[in-house]
Structures are given as structure tokens and as C-alpha cells.
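As they're listed, the protein sequences go chains P and A. For the first sequence, the UniProt record's numbering begins at 1 and goes up steadily by one. For the second sequence, the UniProt record's numbering begins at 1 and goes up steadily by one.
A few of these clues could be false.
[Said to hold, decoys possible] The list that follows gives simulated cross-link-like pairs (lysine-lysine, PhoX-like), each with its CA atoms no further than 25 angstroms apart:
1. A:LYS419 / P:LYS323
2. A:LYS176 / P:LYS323
3. P:LYS481 / A:LYS265
4. A:LYS78 / A:LYS94
5. A:LYS97 / A:LYS126
6. A:LYS176 / A:LYS419
7. A:LYS331 / A:LYS348
8. A:LYS94 / P:LYS385
9. A:LYS78 / A:LYS126
10. A:LYS94 / A:LYS128
These are calculated hints, taken from the structure and not from any lab test.
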Amino acid sequence: MPSLWLVLIVLALAVAGYVIGRRKALGSAGGDSRALHSLPSYYGSNVAIMTIVPAFFIMGVWLLVQPLYIDNQISKTLPEEAIAESSTRGLVMSDVRRVAEGLDIAVAEGAMTREYASNIRSEFTDVRERLGQVGVALGSEVDHFVLRAAQQYRSLANTGQLLMTLVVLGAATAGFAVSVLRTNAEFRARNVVETAIRYLLVFAATVAILTTIGIVLSLVFNTIEFFRLYPARDFFFGTTWSPSFGGGSELGVVPLLWGTFYISLIALAVAVPIGLFAAVYLSEYANSHVRSVAKPLLEVLAGIPTIVYGLFALLTVGPLLMKVFGDEGIGVMQAGTAVMTAGLVMGIMLIPFVSSLSDDIINAVPQAMRDGSLGLGATQSETVKQVVLPAALPGIVGAILLAASRAIGETMIVVLGAGAAARLSLNPFDAMTTVTAKVVSQLTGDADFASPEALVAFALGMTLFVITLGLNVLALYIVRKYREQYE
Amino acid sequence: MTDATANSSPEGAGKASSILVPDERTRKRNAAEARFRLYGLIAVGIGVLCVIALLVSIVFNGVGAFQQTGYTLQIEFKEEVLDKSGNRDLEEIKTVKTFAYKPLLREAVLREIQARGIDTPLAEAKVKGFSSELDNLFSDGAVGNLRNAVLANPDLIGQTVELRILASSRVDGYLKGRVTRESIARDKNLDAVHLDLVDALRDEGVVSKGFNLAFITGPDASDARPEQAGMGVAMLGSFFMMLVVLGLSLPIGVAASIYLEEFAKQSRLTDLIEVNISNLAAVPSIVFGILGLAVFIQFAHLPQSAPLVGGLVLTLMTLPTIIISTRASLKAVPPSIRDAALGVGASKMQAVFHHVLPLAMPGILTGTIIGLAQALGETAPLLLIGMVGYIASNYPGSVAEGFLAPNSAMPAQIFEWAKRADPAFYERAWGGIIILLGFLLTMNIIAIILRRRFERRW
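Hey, can you work out the whole structure from these sequences and the hints?
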């Protein structure tokens, strides 16, 4: 792995640089560290930073850009006739990459010599079989356009790798040399090092922005790609969801949104009253003894992974509901996986979410308001209902909105507990499915990003992202806007 | 409140109102008070009941996975079957397929039947041949285990050794009560005759349940062999992912928090970062999976299903949690510490790195552990980057493979088992949850201990 070696070489250079920089600084001050501007270690760090940072920065950018550049170049040289009728340029390019990778593996394993791999001709050799021997399975015969392109790909990649090694080593050495030369007793090493660290800190902080940009870009690009293949109107207003990978799918989001909405509604109908009453009881009525037991116990629910709730829905709650509402009972339920199953379990999951948020908000209501109300003769419940809750209302609404956004974005419970059929129905004992569950089912397995059936997952993800983001922003807005009033 | 008007109403005027005898309205209000209180109590009760129901159902369904049924049999490793030439050449022994080991098992169980005088029609079952009725008693993997034992130690050939042989999942289910005689009626793999034999063998002590170490350390197995499926490889996958998450999210998270808390001036960039962090904390986890798929796999061509990619995705998910808790613990260090450091001539950077950061460290570590615990239980994003399926069936060969070779993770493995058709896998899924929750509990306890012991309050 040449990149790994490159990293190690640069690191070794940096360590050497630290020692040399430190020694040179001390030497220039005649061995008396008091004569230096900064502590000796700063001079060493300065050299090390100047060696590492530019080199790694170049390397990172190079590794990102090189594949894009090569893809672009090769794609340009591919003649039109290399692209079969049913195929696209993108598909052919992925073949090219795969063959190139296969040739690399074959060379690495010694099944081919380097020269042989770059001169091999599909007219004379069965490349597919040769690659199959080293464990690279190819879907179809390799035609000579693809093979030529793959060989070009390899040679460009090799050149690129070589160039990168040279440039990175050059940058590391240059940084090393310049910083060592600059090192002397008057050099303000600490200021330089601290500025560099500061930039590193800023960079770390921007990772959050980069993540958001990454999310938005990956959703937007693929969604646009999807809408090119499938009309946006049919997606947003279609009432049938029946994907079939053979083509002719109907991908209407309405039944999925309805399932998501219905399940979330049931979940909130369970979680909000229980969570709210529990929060009121724990903060207004319970003595510290009960509180110290019940509060952590409820919070256990928040720490349990959602896969556990999913299994609980599938294997415990579903069969239980079947016994009551199934054919042996009332007879309205067909299968254990249903809106009700997923909704109930999701409600349980959200109880601690609602209760601990509401608890914080109720506790933030000033005691003077309670005392005033009690002093006028109101009972404790009247105080809660007519003074505390109205004062805490914006916060509680915010908490409920946050819980709703959780419910909408929840995946594992609905994947396991809600069933797979997308349908528009009012019966809560029917199986329905949600946006998140369909994102999983459309993208799991062999993802070929060219078909609308796979790309629809990105449009679904976009829908989900926009809805949850909207709810979060609304919740934060409500909480911020009305919180100040009582403080 | 409204009492004043109530007392002056025409009905109330006639009666003498007293503080000793509660009037109609007071009684009503007191009843409402009691009801309200009761509602609260019921709500807390339901919540606690849910916790108990969940935990009971996990333990009740899951402990079975930690026990596995097996036969204690005297296996005779016949030389004429396993090593015809008799020169103990490992290459030659390798040419003997698992199929040849089947008669050894059949003979061993027939010997037990005869020795203990058990009356069963299966005593007449054939020993040679492709299949025998006796095979249904054993796991499909049992012969493979025998073969591996011989390959590891060729001296076994020619000896008779007492070994524990894995029972098939149906027999296992029968001993655990999951499979009953009624449910077996439509099952073509096992019939009542087999169960009679199992009953007899159990009375003789040949069949018994034992601790199932293979479930904790072993790899996943195919659909047909639930009795052999284990969590070990998925656990390693989770471990490598957690290494990535820890190695990236702790330094990045701490650096970002230090910048935001100690250095950043109020600017548009800072505001943007803060808004981003609070929003990312609420983005559904599945969206992070889409991000990972599009950026790391589709764009950067990192290997699919690799713990490295899983770790990267979980890092992005965990960062907001770590940043929020780190900022809180940096904020908790009193300004006097900074002022004192600055006062004796430290630079701002030195004050932060030499004084504030060490004091905030316990809080930061607590937040990190809690973030890691969240990441450990996360499933949805892993499904999108391909960490599902039968991929957790081989141990990674080296550390690099541990990061790059396809693997699963504990929650994804549990999901995989929950999806399979054979109910024997459900037991495994619950058992897997016990292991997963064990890890989470340990991590949370460590976090609590850290907080109790090292967190200082000023």
C-alpha cells in the first residue's frame, strides 16, 4: 500500500524535524533556553507541523481529485460504439473500473506480470476467465474497448500515484527545509505554532458544516437524477407505491407519507399523555425517594437501541395484539406487523423523550408562580393545570414537535414492526409502511444507482430530511421565542 | 380562584359554610385533585411497567441462546474411512470430504442406542449412504466440526474419543420447549420417533444442554444452521467501528468544542456552525446512512460493508453529541482558572491546553462514552452501507482486514437474525440483544463512575 508508506515516511520526517528544529534552536541560543523567544519544544513542533500539514493536505486533495480526473479522461476517450444500446456511459465506466481493479489484483497476486497486464488483448485471451481465477467475478465478457480503457485507466492511475508521491514528498521536504532554515533564537515559534493549531481547531469545527453540506449535496444530486428518470408530479402526488426492478414501477410517495404520519400519530398519542403526566407527577407530586427511583428507570428506555424496540414489536407486541385483535379475538387484524404494533412500541420509546424534556421545562417555571397560585387557594392540580402548564406550554409544544420529528425519522421499529405493504387505509391494524422503511428496502442489497427504483430512496431521504428539519427548526423557534417570558 | 363567586351563589347562601365540613364544591375539587394525582401515578406506573415488560421479555426470550443442546458421544475416527493410505499425510486427509464423516456420527449414536437398550425404530436406520434418518438429530455443521478437529490434530485418526456433538436446532428447540410434538407434526425434518429417541437419550444423560460459548465467540451461520450462529465476528466488526469512531470523533469533537467555546468570536461562521451542530443532532440516523452511501461508497469508492465506512458514518453521527457535552464541561471550568494561567504569563492556547482541558477531561470522557454507546446500538445507517447479510461468517485475518473486509456489526447481526424465517434465529436475536445491552450497560456504568469520581464542582 504505497499511500500508507507515504504517510509513514512523512511522519518519520516530521519526527526527525521535531528533534532537529529543537536542537538547532537551542544551538543558536548557545544552549541557553532563556535566550530563545519561545520554549524549545515550540521550535521542534514548528518544523513538524510545517512538514506534515501541507504534505497531508496535498495528499488528501489529490486522493479526492485523482479518481474524478481519471474517470473524466477515460470517459472522454471511450468511443460511442463502446456503449451498447441498453447501456449508459456510467455503466461502461463502472465495468472499466472493475476490470482495472481486477488487473491490479491479478498483478498483485502474481497471476500476471505487469507488462502482460498492460498489453493483454481481449481478441487473444479470455480476460474474464483469467480474472475469475484470481477471484474477480465479471458480469459479462470484456470487449476490447473496455479492456483498452481499463489499461489506460491503470496507466493513468499509476502515473498519478507516482506524481502524488513526488509532490507530497516534495512538499514535506520543502516545509521541513524552510522551517529548519528559519529556526533561530529570535524566531517567534510559539506564535506560528499557535496560529497553526488555531486553524486546525477552526477546521475541526467546520466538520459540522461539511457534514451538512455532504448530506444536502448527496441528497440533492441523486434526487435531481431521480426526477430526470421519473416525473416529480407522479412522485409527490401518486397514490400507488409498487416498485419493480424490471421497470414500470409506480413510485408515489403519498401512501408512504400516510403510513409515516399514521404511525407517528399513534406513537405520539401514547407518548405525549404518559410522558407529560409522568413529568408532572415526578416534578410536582413525587417525593425525592420516588423521583430518584422512577426517573432513572424511565430513562433506561431512552438508552435502549432502536433495534431492541424493533424486535420487541415484531416478536412480543405483534403476537400479543394478534391474540386480542386477530382472528381468535376480534378479527380486525391480519398479521402481527401493523401500524398499531409499530405505533405502540414507538410510543414507548418516546415516553422518556417527552417526559425528560417536559420535566426540564416544568422545573424551569419559577417557584414564585406556584406559590402565588397556591396562596390564592388553588389546589395543586389547579395550579398545574392553570398556571404551570400554560407557562411551560411553548416548551412542551417544542418537546412534542421534537418527539414527532423523532417518530418520523425512526427506522428500525417500522422496518421490523409495521409490515412492508404500502397502502392507504384508515384501519390501524393494517400493515403499512413508512418513508424510512422504504429507504432501507430500496437501497439494501445490490445497489445500482442508475435505476429510478434505487434513486427514489434519495428522493425519499430528501423528503424525510426536509420534514424533520422543518419540525426541528419550528420547535427551536417556538422554544426560543417564548422561553424568555418567565425568566 | 372562583370560590368567591361560588359561595355567594344562591344555593350556597342558604347553607352555613364551614371549614370543618367540606361543601359540595370543595369535595369536587378535592376529588379532581386526587384524580389528577392518580393520572400522574398511572402514567409513571405505565412507564415503569413498559421498562419491566421490555427487560423481562428480553431476558425470558434471550437466555436460551446461551445454552445449546449437544450429544456426548464416543466417536471412533476410523482409519479406513479418513486415511486410507495410513500415512497421515495432511493433504490426503484434506481430500476426505465432510460427507465421509457422517457415518461416524450415525455409528456413534447407534452404539449408544444399543448400549443403553433403547427401544426405537431408528435402531434399524442405515449407517452408510448419502442420507439417513439419524442425520436429522445432528446439526449440519457437526460433521464439519469433526473434520476440522481431525485436520487440526491428525493423531485422532484410529482413536475413539468422547466428544460433544451439536444437536440440530429442532432437537435443541424441543429440549428448550420451543418445538413441541404438535408443532413437529407438519415438519418433514423431524418426527415423533426422533423425539422419543431424544427423550430416551436425555433420560440416559447422552443429550444435555450446556453453556453455549460458540454463540458469544463464533461466526454467523447460514439459514439452515441456526444452532451454529454466533455473535463473535459481528462483535469484532462493532469493535473496529468503535475504534474508528473513538479515533476520529474524540479529537475532532474536542478540537471543535475548544474552538467554539474558547476562541470563537461571535461571527456569522460561528453562528452557522452552532446552528449546524444542533440540527445535525436531530437529523434521523437513516439520513446519515444515505450520506455514507453517497459520499463514502458512491463518490469515494471506499469498500462496501467495511467497518471503516461504518465507523466514518457513525463518527459523523456521534460528533454533535460529543461536541455538546464537551462544550458543557468546558463551560463548567470556572474563568478564574483561565485568568490565573493568563496572569502568570501563559498564552491563551497554553491556558486552554494546559489547564482548562485537563480539568474538563472527566466530563469530556463521560460524554464520549455515552456517544460511543449510542453509536454501538445504531442500526439503520449500517443497513444502507451494506453491513447486513451473511457477511459476518469469517473472522478478519489481520488488523487491516478488520477495518476493510466486509463485516457486520452487533445490531445489524441482530436485525439479520430477526428477518430470517426460522424461529430458532429469534432466540439468537434476543440473545444478541442481551450481549449488546451488556456492553451498553458496562459503558454507561463506566461513564457514571467517571463522573462520580473525577468530576469537580466549583
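List, from low to high, the hint numbers that the structure doesn't satisfy. 8
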